[in-house]
Amino acid sequence: MSQVPADLKYTASHEWIRVEADGNLTIGVTDHAQEALGDVVFLELPEVGRKLGAGEACAVIESVKAASDIYAPVAGEVIAANGDAVDAPESVNADAYAAWLFKIRPDNAADVGGLLDAAAYEAATANA
Amino acid sequence: MSRQTPLHATHVAAGARMVDFAGWDMPVNYGSQIEEHHAVRRDAGMFDVSHMLALDLEGPDSTTWLRGLLANDVAKLKEPGKALYSCMLNPQGGVIDDLIVYYFTPTSYRIVVNAGTADKDVAWMRERIAATASNVTLTSRRDLAMIAVQGPAAREKTWLALPETRAASEGLKPFSGAQIGEFLVARTGYTGEDGFELALPATRAAEVWNALAQAGVKPCGLGARDTLRLEAGMNLYGQDMDDDVSPLDAGVSWTVDLKDESRDFVGKAALLAKPASRNVLGLILEDKGVLRSHMTIFTPKGDGETTSGSFSPSLEKSIAFARLPLGVEAGESVEVDIRGRRLKARTVKLPFVRNGKALV
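Residue numbers (the numbering used here), protein chains in the order written: chain A, 1 to 128; chain B, 1001 to 1360.
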């Protein structure tokens, strides 16, 4: 079964979100997502400085099988993109929670409260 | 409810990721599709292809009937066991299905058709038997399982697992097969590698699959099958051609045999009336990204379209089949629309890879 670390937040569209000490958010795709996608071969990440709306498609993950959009979990500005993951897309398969994709500074810190916790995400994927 | 092959429980027990394919619950991979792909290019892998339908054709009119049914000409099959790839066309010249036909005697053939088209194919064949009042019988062989063992070491490993098949299959030339006891062993496949396709009683499927695995043949899913056939330049029915596409526009004009002018076949008049309007070439993406089907290709001679596209594990680049305006040749630079951006690609001759070697 896929892993769902308890210390992360999630979206129904299979992003994980780590709230850093400074309030910024680190975002990746879940283990469940990488398993469903199969071998990841290409990542297209948002440019640093880009302003994102909540739920905006801002990155693309492509496996051998298919392309999927990645969505901004909350509104904010992109402050980093993980070039190492772009250079080694297979790292998402190896460890989906280590291979972060981008970081955002949320416009409104309280928006994080609207994200799923591990139990809610697990329940959502169990019914999928 | 999806249909299950005789190997379904074996796949599930091996931890395969199962998906619906043409109404069948099939393994898409057993872990990593890319590793499975490399196993076939470098060593040996096997695929459950029992969802495809084998049909036996018997009767005095078999050869005549097939010569009228298929765009390729079975009259060129002289050696027992010899196989032929052909399109079966509708009267408008579109492709009902692509298939393999094995010749045993002038009154006995085996036909293997795609899973998704099997019902349509059989209905059409029965209609043609009635329309031509041919003395033939067509029998569905759902009592058989089919396993494709592919890769440079596939034949050796098959013999290790099934020593009783060795003597009679060692001398098989490419694209020919032999009935060996309960097995039809044919040196055919859909990967661009050497190997065998085995047809055997469904009751023995799991035992034979496990023996092959013991001999070091890696179980492979439909995911790897797709990237292997794409690299090998082989069409997938429903994606690279269909009822509305002429074989002349789908890169398989080499399978349309017009040599015997006295031979008529379904779709011939339509093909003669409407020559090729598209040229099918390979496409290699030079920018970063992944080509998929139905992407628009921009060329100085007009727009084209990808029919199949994916990431090529052997080339570590994205590749596709491109249906292009006539006059666009191999070696040209073109652009492809990927999510609204125009990325650079170049056209190449197919196939991309054959027998483990990159050709582009």
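Since the hints were derived computationally from the structure, they do not count as laboratory data. All figures in this text were calculated on a predicted structure; none of them were measured in a lab. Careful: at least some of the hints might be erroneous.
What the hints assert, rightly or not - Taking CB as the label site, the calculated pair distances span: (1) B:Q1239 to A:A57: 40 to 50 Å; (2) B:G1015 to A:A66: 15 to 25 Å; (3) A:E77 to B:E1286: 26 to 36 Å; (4) A:A12 to B:A1213: 31 to 41 Å.
What the hints assert, rightly or not - Heads up, simulated EDC-like pairs for lysine to aspartate or glutamate below, C-alpha to C-alpha not over 20 Å straight-line: (5) B:K1288 to A:D111; (6) B:K1301 to B:E1329; (7) A:K51 to A:D87; (8) B:K1317 to A:D84; (9) B:K1317 to A:D22; (10) B:K1120 to B:D1303; (11) B:K1288 to A:E47.
Claimed, not checked - Negatives, chain A to chain B, calculated, CB over 12 Å: (12) V4; (13) A6; (14) E35; (15) G38; (16) F42; (17) V48; (18) A57; (19) S63; (20) K65; (21) A67; (22) P89; (23) D107; (24) A109.
Glycine included, every Cβ here is placed at the ideal spot set by N, Cα and C.
Verification of the hints:
With their beta carbons about 26 Å apart, Q1239 (chain B) and A57 (chain A) fall outside the hinted range of 40 to 50 Å. Evaluation of the 15 to 25 Å hint for G1015 (chain B) and A66 (chain A) yields a pass: the beta carbon distance comes to about 21 Å. The hinted window of 26 to 36 Å between E77 (chain A) and E1286 (chain B) holds, with their beta carbons roughly 32 Å apart. Between A12 (chain A) and A1213 (chain B) the Cβ separation comes to about 39 Å, which falls inside the hinted range of 31 to 41 Å.
Distance hint between K1288 (chain B) and D111 (chain A) is unfulfilled; the C-alpha atoms sit about 34 Å from each other, more than 20 Å. The straight-line distance between the Cα atoms of K1301 (chain B) and E1329 (chain B) is roughly 11 Å, inside the 20 Å bound, and the hint therefore holds. With a CA separation close to 24 Å, the supplied pair K51 (chain A) and D87 (chain A) exceeds the 20 Å bound. At roughly 18 Å between alpha-carbon atoms, K1317 (chain B) and D84 (chain A) fall within 20 Å of each other, so this suggested pair holds.
For the hint linking K1317 (chain B) to D22 (chain A), the alpha-carbon distance of about 39 Å lies beyond 20 Å, and the restraint is violated. Of the supplied pair hints, the one linking K1120 (chain B) and D1303 (chain B) is violated, its CA atoms being roughly 32 Å apart against a limit of 20 Å. Straight-line distance between C-alpha atoms of K1288 (chain B) and E47 (chain A) comes to about 16 Å, which keeps the hinted pair within the 20 Å bound. Every beta carbon of chain B lies more than 12 Å from that of V4 (chain A), the smallest distance being close to 19 Å; the non-interface claim holds.
Look at A6 (chain A): its CB is around 26 Å from the nearest CB on chain B, clear of 12 Å, so calling it non-interface holds up. Chain B draws E35 (chain A) into its interface by the beta-carbon criterion, the shortest separation being 8 Å against a cut-off of 12 Å. Non-interface status of G38 (chain A) relative to chain B is broken: a Cβ of that chain comes within 12 Å, the nearest being about 5 Å off. Some Cβ of chain B comes within 12 Å of the Cβ of F42 (chain A); the nearest lies about 5 Å off, and the non-interface call is violated.
Distance check for V48 (chain A) against chain B: the nearest CB is about 18 Å away, which clears 12 Å, and the non-interface claim stands. Annotated as non-interface, A57 (chain A) brings its C-beta within 12 Å of a C-beta of chain B; the closest such distance is 10 Å. Its beta-carbon lying about 8 Å from the closest one in chain B, S63 (chain A) breaks the requirement of being farther than 12 Å from that chain. A beta-carbon of chain B comes within 12 Å of the beta-carbon of K65 (chain A); the shortest separation is about 6 Å.
For A67 (chain A), the condition that its CB be more than 12 Å from all CB atoms of chain B is violated, with the nearest at approximately 6 Å. Distance check on P89 (chain A): its Cβ comes as close as 10 Å (rounded) to a Cβ of chain B, failing to clear the 12 Å threshold; non-interface status is violated. The Cβ of D107 (chain A) sits about 26 Å from the closest Cβ of chain B, beyond the 12 Å cut-off, so the non-interface label holds. Non-interface call for A109 (chain A) relative to chain B: holds, since the shortest CB-CB distance, roughly 32 Å, exceeds 12 Å.
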